[in-house]
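Visitor: Construct all of the structure, not just a fragment, from the sequences and the given hints.
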Amino acid sequence: MRKIKVRRKILIANEEYAAKNRAFLKERKLPCLNVISSPGSGKTTLLAKTIEMLKGKLYIGVIEGDIQTDIDAKRIRKAGAPAHQIVTDGACHLSAAQISQAFHKLPIDRLDLLIVENVGNLVCPSTFDLGETDKIAVLSVPEGDDKPAKYPMIFARAAAVLINKIDLLKATNFSIKRVRADISKLNKSTKIFLVSAKTGKGMKQWCDWLENLADNKRKKLLKKTRRLQ
Amino acid sequence: MHEATVAQFILEAISAEAKKQKARPIAAKISCGVFNAINTESLKFAFEAISEDTVCKNLKLNIEQKPIKAKCKKCRSTFEFNLHESKCPKCRHDDFELLPDAPLLLEEITFEDK
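If you're matching them up, the sequences are chains G and L in order. Quick note on the working numbering: the first sequence kicks off at 1 and runs consecutively. Quick note on the working numbering: the second sequence kicks off at 230 and runs consecutively.
Incorrect hints may have been included.
Computed Cβ-Cβ distance ranges for the label pairs, DEER-style [claimed, not checked]:
(1) G:Ile192 with L:Lys289: 42 to 48 angstroms
(2) G:Leu169 with L:Asn268: 48 to 54 angstroms
(3) G:Pro39 with L:Asp342: 46 to 52 angstroms
(4) L:Lys302 with G:Lys26: 53 to 59 angstroms
If you are wondering where the hints come from, they were derived from the structure by calculation, not from laboratory data. Each residue gets a CB set at the ideal place from its N, CA and C atoms; glycine is no exception.
Guide: Written as C-alpha cells, this is what we have:
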C-alpha cells in the first residue's frame, strides 16, 4: 500500500469561476447579491416589489435560478427589470460558471445592482460561492422561527436577513425575539429587516438599505480607482 | 443534497491521480468544514453509486468533518465555534467573527501495491 498526499480542493473549478466573477463585477463597480431561502419564502414577490419601489433610483438586473420553468424570470420582467432564467434541471444550487454565462444575457454595463435569486434551498446554495458581493437570507414567518438554529450556514454568512410575511405573525407562534437571538449568536453584524412584500410593510427600510449599499459600493470602488490613477 | 455533485468531483480527481500513478486507488481521505453541509453517509452512498464502473470501484472514502472556528472581537483568541455556547471560552465575550469554513479537500489517496 502506498499513501499519496494530494491536498487538492474539490470545488476548485467553482472557486476559479467565482474569483473570475468577482473580478468582472469589481471592474464594473457592480454590487451583486446572492439571495438564498427555502422554496416558498416569497423571494420573487419580494424582488418584484423591490424593483417596483426602486424604479428610477436603481436599475436592477436579476438572474433567476430554478430547477424547472422560467416563471420567476417572467414575473421579474413584468415588474420592470431585465431578468435571465437559469434552469438547473434538478441541481439544488447555482454554480459560479452558470453565473458567468448569465452576465452577458443582461444589460450588465448599465446596471446599478445585480441580484441573483438562487434555487429555493437553505443548505446547498450557501456552500457554493458565486463571486457575489454579499449573501442575503430570506426567512418567512410560516416556515417557523427555528430555522436560523437549524440551518446556521446561511444565517452566519448573510449581510442581511429579511423576515418576510410578517402580516402572518398573528396566525402563528413565530417569535421574532428568538430569531434575533439565534442570528446574533452566529453573526452580530447582520442587518435584520421585518417585511411583508404583500402589504409593503417594512419594505421602505429594506429599499433604503439597498440604495445605500449600491451607492457606497460604487463610491468605494470609485475612490479606489481614483487612488490608482 | 449536493453530495452527488461533490462525489463526481472527487471521482474525477482520484481517477486523474490514479492514471498518473498507474495504480488502483483503494482508499481516500476527504476533509471538510461542517458548514460545507456534507452528509457523510450521503456522500459515501453517492460515491459508491457513481464509481461502480470505474477504477474507483470499492474504494473506501474516509470523511473528516472539521469544526468551524471563530475569533473573539475582544481578546482576539481563536476558538471552536459551538452554536449552543456561542461565547469566547477565554473571556466570555459574545461578539466574534466566524472564520471561513475549512474547504472541501481531497487530502490523500491510498493505492494498491503494483
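Visitor: What are the numbers of the hints that this structure violates, sorted from low to high?
Guide: Numbers 2, 4 - these are the hints that the structure violates, sorted from lowest upward.
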